[in-house]
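Participant: The lines below spell out each chain.
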Amino acid sequence: MKKLLPLLAFATVTMTLATGCGKKEAPDSTNATDAGGKKKLTLGFSQVGAESAWRTANSQNIKDEAAKNGVNLVFSDAQQKQENQIKALRSFVAQNVDVIAFSPVVETGWEPVLQEIKAAKIPVVLSDRSVDVSDPSLYASFIGADFVEEGRRAGKFLAEKTGGKATIVELVGTPGAAPAIDRAKGFREAIASHPDMKIVKSQSGDFTRAKGKEVMEAFLRAPDAGQITALFSHNDDMALGAIQAIEEAGRQPGKDIAIVSIDGVKGAFEAMKAGKLNCTVECNPLIGGQIMDLAQKLANHQEVPRRVVSQEGVFDQSKAEAELPSRKY
Amino acid sequence: MFWPLLALALLLLFDYLFTPGFFRLELRGGNLYGSRIDVLNQGARVMLVSLGMTLVIATGGVDLSVGTVMALAGTVAARLLVVDGYGFIAAVSGALGIALLAGAWNGVLVAYFNIQPIIATLILMVAGRGVAQLVSDGQIINFNDASMVFLGNGHFFRLPFTLTIVLFVFVGMWALTRQTAVGLFIEAVGDNPVASRYAGVNARLVTFLAYLLTGLCSGLAGLVASSNIKSADANHIGLYLELDAILAVVVGGTALTGGRFYLVNSLVGALLIQTLTTTMYARNISADIAPMPKALVIIAVCLLQSEKARRYLNQRFTRHQSAALPAITPSRAQP
Amino acid sequence: MKKLDPKYIPLFATAIVMLALYAGGCLAYPNFGSLRVFINLLGDNAFIGVAAMGATFVIISGGIDLSVGSAIAFTSILIAQLLGHHWPPAGAFALTLLIGLAYGTVQGALIHLFALPAFLVTLGGMFFLRGLSFVLSPESLAIKHPFYLQTVRTMAIPITQRPFVTFPLTAQCFVVVTIIAAIIAGYTRFGRNIYAIGSSESSAILMGVPVGQTKIGIYALAGFFSALSGCVATFYMQSGNPASFVGLELDAIASVAIGGTLLTGGVGFVPGTAMGVIILGLIQTLITFQGNLNSWWTRIAAGVLLLLFITLQKVVGSKRH
Amino acid sequence: MDKAPLLEIRGLEKSFPGVQALQGVDFTVGRGEIHALMGENGAGKSTLIKVLTGVYNRDGGESRFEGRSIRPRSPREAEEAGISTVYQEVNLIPHLSVAENICLGRQTTRLGFVRWHAIRKRAEKALHRLDLTLDTSRQLSSCSVAIQQMVALARALDTSAKLLILDEPTSSLDEREVAELFKVMRKLRGEGMSIVFVTHFLGQVYQVCDRITVLRSGKHVGEYATAQLPRMELIARMIGKDVTEIEKMSRSRDRQPAPLSAQPFLQVTNYGRKGSVCPMDLAVRPGEVVALAGLLGSGRTETAKLIFGADQADSGEIDIEGRPVTIRSPRDALRYRIAFTTEDRKVDGIIPNLSVRENIVLALQASRGPWARMRRPEQNALAGRFIKALDIKTPGPEQPIKNLSGGNQQKVLLGRWLATEPKLFILDEPTRGIDVGAKAEIEKLIDALRKQGMAILFISSELEEVVRASQRVVVLRDGQKIGELTGDEISEQTIMRTIAAPTTDSEAVHPAQL
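Protein chains in written order, with my numbering: chain P, 4 to 332; chain A, 840 to 1174; chain H, 56 to 376; chain V, -7 to 506.
In case anyone wonders, no lab produced these hints; they're calculated from the structure.
Just to be clear, a hint being listed does not mean it is correct.
[Claimed, not checked] Chain H regions said to be covered by chain V (calculated; three or more residues, Cβ under 8 angstroms): (1) 231 to 244; (2) 248 to 254; (3) 257 to 271.
Heads up, the beta-carbon is just placed ideally off N, CA and C, and yes, glycines get one too.
So that you can see chain P by itself, here it is in the shape it has in the complex (with noise of 0.2 angstroms):
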């Protein structure tokens, strides 16, 4: 019998909880509401993580923006961990929010919460990150840049810039995100038509500035990375990082090696302005007050657009200059 006390111990107390708490359950009942007596939208976010100086600005943005439209934000930050995500999710489910948004660490594996989420009744916006899903009913919208078109323009500018013929190396972020694969896809899109330019060396840098320096450094190690003349970064981040590794290696970034990144975060500016980097494509993390708009309206029950594309643009050195003192991030 003494050794069942503690397991009896635990099913008491756990099922008191079960029961004596489970009467609160009611839908709908507690949501904040503001002084006007007016139902206020609470967000739940759930962000990838810090992982890149684009994230940290993002996820400021969304902070900002929700506190600007009166927006009750929930916000979680996944550590990069797709079982934090999960678990962020099925809280918010919990917590009954209006609408979830969340930055997917990967594409793969939403299937199960979103389906909990949707027999929630809860409206989804996936922000900056797509997902794979068989059932497009999962999610109501999503905002965010193409990141297959991002990947067309760098290797359209890289294209232009280097006459079309070139010998690449690439920078990869993650491994299975969305932007990784689809600013890979669209690039090699762009410059399929260049049969000059070719990608010789693909690794992950995780989309951190320490690993891309790692991994460009061992690129320049091999025999061969005398022939190297251009660099295509997923990111900034990385780019900046592996700036410093070209700068090591004794060869001159932006000009010995033409290096193209996607994001346009404030650093990469300054290294365009440096010469260092020949260009940049936006990637803009400043989406918070288009996901505030669009949780309003799926709050209301109103239409909303499936795809948002964000707005952004291409920077090359020259308009460096001009741009970088209205960079915040």
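Please build the complex by placing chains A, H and V on the supplied structure of chain P, with the hints as guidance.
Facilitator: Positioned in the frame of chain P, the structure of chains A, H and V alone reads:
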């Protein structure tokens, strides 16, 4: 000394034969450049941490929190520089201060509260990165302070400046342990704690000191790591470095059960690990797969060092006797 | 009621902390007390829970297993690959569990036969399996097998219709594994031998406990539970990801410690571990509900709790002497 | 004892690396008798028992149990054969319940699952045979040592044991508890069980044992009926002497000079520690060798550890050169220039992997603190000096000490402490396990140190050595000082008489038998 050097030599031989360009060394921008220099430069962090880890392992303990302490130090320095606007000296002092504090924390838990080292340092390993995140407010802090950038990127006598730091720490550590009696005491305490106590050695203080020094080494490594990429990323600085460091120390012949320690061998061990990593990069093997060969090296080296394994075949005849005797599990953590 | 045995003090402390956290959450946040949150606690943490059961046995025996997180990631990607190659789910699970058992046995054998420190061997296991996962697939793989798309969902037991709450398969696994682990710990010779070895290995030998067999068995069991946890994780994520579950071994160890298991071995409670898992889950949920706290507070809170419980164990332990 | 003996061991051999632990030992236990197994340290008692119970594998010889030849390969096999053992220190699992401890490894199961109810019943039954009722679900560690001992006994009885081995079961019991245990032992004997009783308490042997087997240095000395072996004889057999011979050479010792100073270097008053040493007074003067004599377990080592601060005293005062001081750790002792070589070199003496040089300098270095490191030449000189002075046989000062022979390890440890120039040197069995030549050298060294004015506290189980070396002998028994001999009183005979003499206050436990 023999095994790690042999392993390193074999690995280098392999690279010489099969990894083209690995042995090329040239002068670029006035500095030496090549894969081997990379090994030295990237390996600096592992070397720094291994130096500290060697002492902790020599006392019969282990420090799992070194990677976290690196992140803490890097983030504190970057924050002081960028967010709070202090100068280089203040930033470095702040970073090393927090690293010493972390080391002292571990030391107190292990030496004075008798908590098993694995668990005691696990606490900081788990919580420390969270603290680092709070320090950085969840942001990656980029900095451009010239002195700070020099730490991890500068050159000195045509070699990466990090090597100077390693050399400096090594000499300091060597002086501290071998020019004072601290080294002797650490070895005595690690080898036979009871006898050391009877001989009048202050075992607690010695253990505490080992953790304190490890904290300091990790702090320096953290500064180097964040300086190297000109930014402090609380999530990633020093991730898994504790494992590389433990591996370097064990490969270097310092037994996990404590006792004799070999600072130079740990450096060789660290170089071996880093060469392994760099070789894999150079051979276009993903960094993600890199742990696998490392694991095989760990187990192989430990089996080579294990007396029991060596005797195992001989003992097969009198197998029964060995089974009936208490297995000697080297855990000093037991109270 | 007899006088409370001091070894139960940490366990009661665990229960109190768990209740306090839960009650605090209920008071502070609307909907925290909902059935869904409660079930989420079981379902979301199921894979940690299952793995922590293995860790409980290892720690009761006085050892440690650091390979848990890698083993789960490896298992999940293995299952995704096998199903991708049109294996039947049952076959994939069986093979996976077998591999888990085998690798655990190898770890146990290295530890026992060659007297290598458990810490080192399992560290090697952690590296090895992590690398191997990336060999199997460098990126996350979706599982599209109908078993996952339909069966897993239909196996969830519906509890209430409005709101629609079910008791998911993962939570079921957690509960069942906890019960099985409790039975192993309390009602098998193997389980009792684990306690004996952890409390005093030399006495156990003199008392005729088959120490070698048991020690290898413990690590084999831990490997099995890790593999099982990997299966549960695939139910949860419907994908295999070689980069996932990094650092999960620490969560598992923390859960075990918070659950009142003595980290020096000999005393331990399977239900306590389950409570420890739930406490960590509660902290995470609380931080999500709070909404604008840095999620890293989870780690800090876990570290502080770990310290508290270790201190408690020390105090209780020293009083007993 | 009309039938064939229950256990018959002939010519048992067992050796460990470097030690021949058992050399052709015979041992016979009859049915329904309590048989004492006696011997000083290193006699081979515990080895014999461990071979008998399958913990060790024997190298040679034969054992027959109930007429059948047996060779158990594990404690479990021995138990199955009918031999149960209760070990010296309670070898149970402290964190498990009483019931579980009794049945561990052979729990009642059904379909592979442990049946706790049945186990508790079994445990209660086994305890009942010992006339003991207690809550079997209690955690073992919450029970007193005496109860734990009884639980261990119950565990042994839970099997259908025919032979019960009690390995020093009484060392941590008080008199009442011992009496209780004896009652149980007699009861079991009455039930036809045979008991092997290992103890170092002479009185107890004479109280309950029918026969005595004495071992010395791994050899069989003899088997005697208790009634026919006077105490004096028994002690003589154990320490390898002949009583008549001792009587003859009672004045064999040249008188040694008085101490150099009347002021004691060390004076302890009423110094003691619960559970190990009864409060006692003791003084050691410069130029004097005081020996602590007594049999194994009499509290000699414990007293030394107390004075050295390795254990903490809980009563009494200690004065060094007339001034009261506190010594709470070996470091304190070192500060007052007290040195201590321990009985067990391996466990608390040598630092095995460090070199001879480092082992020698360690204590002196510790006393100087970590920052004032001795330079290498100084270390070499020191090591060289002691290697030469003590004639340490080592290939060189850099040899790891673990590679040296026992005697040379001991000399290194002597060197370690001599380097600190101690004023009081506590030597615990300095000559144990080392060859005759080295023994003589160490004795000579002790004498030389004394002449230089050092105060020496000398512990040895060899009376001959004690008599030769000391000016004063403090006799201990059961953690108590029972006598002090000086000058002409010091002889092997008087020491043995003192040890053997009954004391009035423990009459019940140690009846007069001499």
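Participant: Could you run down the list of hints and mark each one as holding or not?
Facilitator: Results for each hint:
Coverage of the stretch 231 to 244 of chain H by chain V holds [criterion: at least 3 residues with CB-CB distance below 8 angstroms; count 5]. Residue count for the stretch 248 to 254 of chain H with a Cβ under 8 angstroms from a Cβ of chain V: 5. That meets the three needed, and the coverage hint holds. Chain V is given as covering the stretch 257 to 271 of chain H, and this holds because 8 residues of the stretch bring a CB closer than 8 angstroms to a CB of that chain, at least three being needed.
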